[in-house]
Structures are given as C-alpha cells and as structure tokens.
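K.L.:
Use the sequences and the hints to build the structure in full.
Residues per chain, in single letters:
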Amino acid sequence: MSGIGTSSARPDRSAIFPIEALGTLFDALRGRGYRLIGPTLRDGAIVYDDIASVDELPRGWSDEQSGGRYRLIRRGDDAVFGYAVGPHSWKRFLHPPRQRLWRAKRHGGEVQVTAEAVPEERLALIGIRACDLKAIAIQDRVLTGGSYLDPYYKARRERIFVVAVNCSVAGGTCFCASMQSGPKVTETFDLALTELCDDGMHAFVAEAATDEGRVVLAGLPHRPATGDEVDAAAAVVARTAASMGREMPSEGVRELLLRNLEHPRWDEVAARCLTCGNCTMVCPTCFCTTVEDASDVTGVESSRSQRWDSCFTMDFSYIHGGSVRASPQSRYRQWMTHKLATWFDQFGSSGCVGCGRCITWCPVGIDITEEVAAIRASEAH
Amino acid sequence: MAAPPEPVLAAPLVDPMLPRVGRVRARRRDAPLVFTLEIEPAEGSLPPFAPGQFNMLTVFGVGEVPISLSGDPARPGRLIHTVRAVGPVSTALSRLDRGDPVGLRGPFGTGWPVEQAAGSDVVVVAGGLGLAPLRPALYQLLAPRRRYGRIALLYGTRSPADILFAREIDAWRRRKDIEVHVTVDHATGDWPHQVGVVTSLISRARFDPARTTALVCGPEVMMRFAIGTLQGAGVASTQIYLSLERNMKCAIGLCGHCQMGAAFICRDGPVFRHDRVRDMLALREI
Ligand SMILES: Cc1cc2nc3c(=O)[nH]c(=O)nc-3n(C[C@H](O)[C@H](O)[C@H](O)COP(=O)(O)OP(=O)(O)OC[C@H]3O[C@@H](n4cnc5c(N)ncnc54)[C@H](O)[C@@H]3O)c2cc1C
Ligand code: SF4
Ligand code: SF4
Ligand code: FES
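Just so you know, the sequences run in chain order E and U. Take the first sequence: its letter number 77 is residue 77 in the numbering used here, and every next letter is one higher. Take the second sequence: its letter number 24 is residue 24 in the numbering used here, and every next letter is one higher.
None of these hints come from the bench; they were simulated from the model. Warning: the hint list may mix true and false statements.
Taking beta-carbon pairs under 10 Å as the criterion, some of the chain E residues facing chain U (in silico) [said to hold, decoys possible]:
(1) F17
(2) E110
(3) V142
(4) L149
(5) L217
(6) C286
The beta carbon of each residue, even a glycine, is placed where N, CA and C say it ideally should be.
P.N.:
Structure follows, in structure tokens:
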C-alpha cells in the first residue's frame, strides 16, 4: 500500500507479464479488498470510473487534444493504455466533489452533532500517470501537510493501491516533461507498468516499489524482463518525452509572475476567459472547497457538506458589500499566480504538473503555457 | 472544540471541521443591527484565546461565519461575540435567544501583539465594528496598566447611535491612564465630540511615534488611510498591526477561500504586521 510519504521506496528489477495477466492482476486486487477504478469510455471521452474487468479498458483507443478540443480516435493496435489523460483526475476519488462533514439533530434545546465517519474503502487506482501521481503528492502536502488535516482525504489516501502506467503517447496539451513531473513514473506507486504493444507482442514491463506491490506482482504469471525489454520500455518513455504537445520552461516562473501582478496581459486574457471554472474542476491539484448547510423542513435535522469550489466564481471571494475579486482579470490572475507562484511559498512546489487538462477543457482554449510565455516575452522587449 | 492555532498535530479523532455545541446565555443590543452574544459551552470548558482571534459560529441549519472574540481573555469561561446582522447567517446569529444552541469552532488565527508592545505607547485605531476584535486587546492593555506607556483609543463610527460598548467607552474616558477620542461621520443634535473621519483623531492623540505600537481594525479603506496617517506621524510600518477580512469557509487553511497572495488570512492572519502585507495591500482585487 502506498501510504502517504512512502515514496522513497526503490523499485526492484523489472519483470514482464503478458496482457492476459492483466485480468489476473485485477482479480488479485479485488481479492485483496480493493474497489477498482480505472480508465473507461464514457460520453465520448476516456474517464476514470469503476471497472469490473479488462474488457472495460479503452482497448485500441487514443485521443487527440488541443486548446478547447478533445476527440477520441482509433489506434492501429490493441493497446489498453494508449492515450493521455482525460477530463477526470483522481481527486474525484480522493478529494471528492462532495463530502458530508456532519449531521446535527435537535431535541428541544439540545443539539447532537455527529461527524461523518471516515471512509474505510480501499481504492485501487489503475492506469494512473506520472503527472497525476505528482498531483497526489501535492494534494498530500496541501490536505495533510499542515497543522490541520482533512481526515476524509487522509483515510482514502492511506488505503490506495497504485497501478501506475508510464505514458506511451503524449497528448497535444501535455507539458509534464518541462515541469519535471513526467512522463516517467518515479514516486508513490505500488506497481508501475510500461505497455509494450508491437511486433506481435503485447506485454507489460513492471516494477514493484512496495511490499504489497511485490506480493501482488509475485502472484501474476511473470518472468524477469530481459535487457532488451527494459530498453524497449525506456524507449517508450523517451519517445513520449520527446513528443510533448506543449512546454513551459519552469525556470523563474514564480518570480516572473510576482513581478507582473499588474500587467496588460491579465486584461487581454480576461477578454477571452468566460470565468466558467472548468480549469479548476479538471485540475488535479486545485483543492478549494466551500461548505453548504441543509436542514429538513422542521429544523430538527441539519447537516454540512463540503463541495468543490472555484476561485473563478464571484462568491468565492465575497465579503459583505461585494467580491474582493470582482473582475475576471483578478480571478484569472488569482488562478494562475496561485498555481505557478504562491503555491511555492505555501507548499514548497509548483501547483501545476503539466497535465494539460485546463487547456483541453477550456471552452475557449486558453493556454496557461501561452499566457506565461506572453508575459515572459513582454519583458524581453 | 478544535485545537488552538499553534501547530498541533490533529489526532485522528479530532475533526477540526466539527463544531462543538454552545448555548446562548445572554444577548444584548449594542447598536442598530449589532448584538453582543454571551455563549457558554454545553459541556466542558473552553480553550483560552488571544485578543484578535476569532471563532467560527454556526446557526444549525443556516450556516457558519467567522466572528471575532470581543470579550476579556482573562475570563475565558464565556465567549463574547459582537455580531452585525448583514446577511443570512449573521442575522440568524443576532436573533438567537437565551438558551438557543450555537455551533463553535476555534479559536483561530493570529492575535494582536499585546505582549510585544509592553514598554511602548499603544495607539488603538478602530472603525465601526472594528472595535469588537480590539476590545480584548484593550482589556489586556488596561489590566496590568503600568506595563505600557501612553495608551490612546481612537474610534470612529457613522453616528452616535452606532457607538459600540458606549458605557465602557464612557468609563474609559473617565480614566486618566487612557486617552479616548470618538468621532462620528454624522452628528446628531447633542453630540459633544468630534465629527469627521477617524484618521483626523491621530493628530490629537499624544504618543511618541518612535516607540509606539499601533493596532488598526476597521473597513479596509479606513485602515489604508489610518496607516498612511500613522506613518506620516512617524510610526514605522513594522510597528503597525492590522486585521484583515476575507471570505472564510474552513478557518484551518484547507478551503482556499481566504487567500491573499501567499497568505491564508485564517491561519497567517487575520492580524498582520503592516510591512508584511504592504505590497499586497497596494494591489487592487488581490
Ligand atoms: C476574521 C474575521 C472576523 C470577523 N469578525 C466579525 C465580528 O466580530 N462581528 C461581525 O459582525 N462580523 C465579523 N466578521 C464578518 C462576518 O464574518 C460576516 O459579516 C459574515 O460572514 C456575513 O455572513 P452572512 O451570511 O450573514 O452574510 P452575507 O453577506 O450574505 O454572506 C454570505 C457569505 O459570504 C461570506 N462573507 C460575507 N461577508 C463576509 C465578511 N465580511 N468576512 C468574511 N466572510 C464573509 C460568508 O461566508 C457568508 O456566509 C468577521 C470576518 C472575519 C473574516
Ligand atoms: S494548471 Fe492545468 S496543466 Fe497544470 S496541473 Fe492544473 S490542469 Fe494540469
Ligand atoms: S487556483 Fe483557485 S481553485 Fe485552484 S487551488 Fe488556487 S485558489 Fe483554489
Ligand atoms: S478560511 Fe479556509 S483556507 Fe482560510
């Protein structure tokens, strides 16, 4: 089990197992009490959801992504992990869109408040990519690294089993390579797979990094990978790294943005931004939430739930008399400078892992890498 | 109740988002739409608080809002909160009656530097409801009175009817060891004191700017002007403290709402030393 902070475990020598053994892996995880979450096709996209069997993986599918655009395409082969990330990130499962916090019941003048039980469910995250593992490590610091922590996140997070996958194709909006967060999986996994799918061969080069990962791998039909197979797996990752759709030189981005909190580019991007908040919903690191109280008609029972919120809404910064960030300029600036600048001060790293989701799922195709580049270019003059 | 703001590792069973139940013991009207509630815990005792800290108060079924502690830190057995009814939750709070339940989380945030100010003059500048979070500091300043040099309270409100804690202010006026100036924007017939903005009182107060600590709380515009005037009078930015307000949903640094630049106001504030937030305050909509 890849508990929080156990990322330093060194992977073993690689093994290799055939595609047929993937079903055995799923059965083994289910047998160990895990609920399987993995990629599957839904409504024209590859999303993460409960999966019962290998048949539900998007075999033979890939995607085409660019600013504001996502399209499924057929691959020429049977690869089951041959695509980039879709609209869902794993935060949907670890830090879900809605979480009840407590319920209160009133008996006369007495009120009894009962905390929502922390979940005991164990999730196996199948097919998670390097950028999203980095994002989980970031959310670990945000939600469990301070004096106060989110007990629901912590409980789910501590019980996950991670089957990571090294990316074999880069999406059109990916830029993990320049953010040093991919495409090779380097931390926080139990098993890491590289899919080899050509020359009539369909197999996974696998590394285990934890005791539980080793036990699970040992239960699969496998053999040690040959030097050529290990090289082939490395070549897959190298090819992906070399074909990134975007890049964002990370050098000095924090200082660049903090120097330019007043800049005409914020007006320019605000003219295009619809402040719909899609970027914050798809982003695997955005963590902001609000709370909602509800009560029954009699006022006897009430409850409070936490739900995802977005710094793009007017309510987000509302204080009596008006919103602190009333203009779209200021809200876009908050989003981007939080991700790329103040996140370093707060949590010791960038808040962006270069997954490209905010670019693909922006209805007007606003591109965070382009916005940074524009501000950088303005200083060159 | 949740742990105090010092870094304490929350034990697995302690849920900082879970309110504990308190009960209203008394309710007093202070000004139009402003009420002071006295709350005691339904069971157990209350943790101590520092002047300037706040609690998250819940009206069950309605919602939760941040409200400063406005009582005496030396009497922690009861919570005193002064609430202005401006919207759904604050209105529901202000309508609570004796015996009604209220949810409590806290205390949260940083406090006024009452300890560090020992030995210096202290100028307290309050605008409107800003007096509420400053009152605990005044209690502490006046308790071991000889620990401080001169003390001045400069308070501005809209009209004489809006003056909070009027009886207490009158009592302070009669003391020789605190200088009290109150001003209103709009005077009514029999108002004997100043009319005008609170910043105009700064030049009336006697203090040695080189050894003065200033505590400022009120609407952000008022604080901007007051701080400018204090600096003009020779008080260094490093000697000026202010309390900032932002939307808050968790008060524990997890919901993201209260951010101002890199600061989480709920955790790194609400009280800040001026030089540490000066650059941010200079920006609009940050
Ligand atoms: C640290 C701190 C201390 C405060 N101390 C006091 C006090 O002692 N007495 C007092 O009367 N008020 C105080 N306030 C302001 C008080 O929290 C708001 O008036 C209250 O949240 C308004 O909520 P509402 O639902 O009644 O009104 P609405 O204006 O309808 O508010 C809707 C929501 O917006 C948010 N909100 C609105 N105004 C504010 C605000 N000014 N600050 C933060 N969030 C806001 C809240 O989440 C609220 O639930 C304090 C605020 C902060 C941040
Ligand atoms: S900011 Fe955009 S590219 Fe960066 S992690 Fe979030 S969604 Fe991915
Ligand atoms: S970018 Fe906005 S929504 Fe995302 S974590 Fe930062 S403040 Fe929250
Ligand atoms: S109020 Fe939630 S982070 Fe400060």
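K.L.:
Look at each hint and say if it fits the structure.
P.N.:
Going through the hints against the structure:
Hint status for F17(E): violated, given a least beta-carbon distance of 38 Å to chain U, over 10 Å. Residue-level restraint check for E110(E) holds (minimum Cβ-Cβ distance to chain U is 7 Å; threshold 10 Å). Nearest Cβ of chain U to the Cβ of V142(E): about 8 Å, under the 10 Å cut. The hint holds. Annotation: L149(E) was flagged as interfacial toward chain U, and the flag holds, the nearest CB pair being 6 Å apart, inside 10 Å.
A distance limit of 10 Å between C-beta atoms decides the matter here; for L217(E) the minimum to chain U is near 31 Å, and the interface restraint is violated. About 8 Å separates the beta-carbon of C286(E) from the nearest beta-carbon of chain U, less than 10 Å, and the hint is met.
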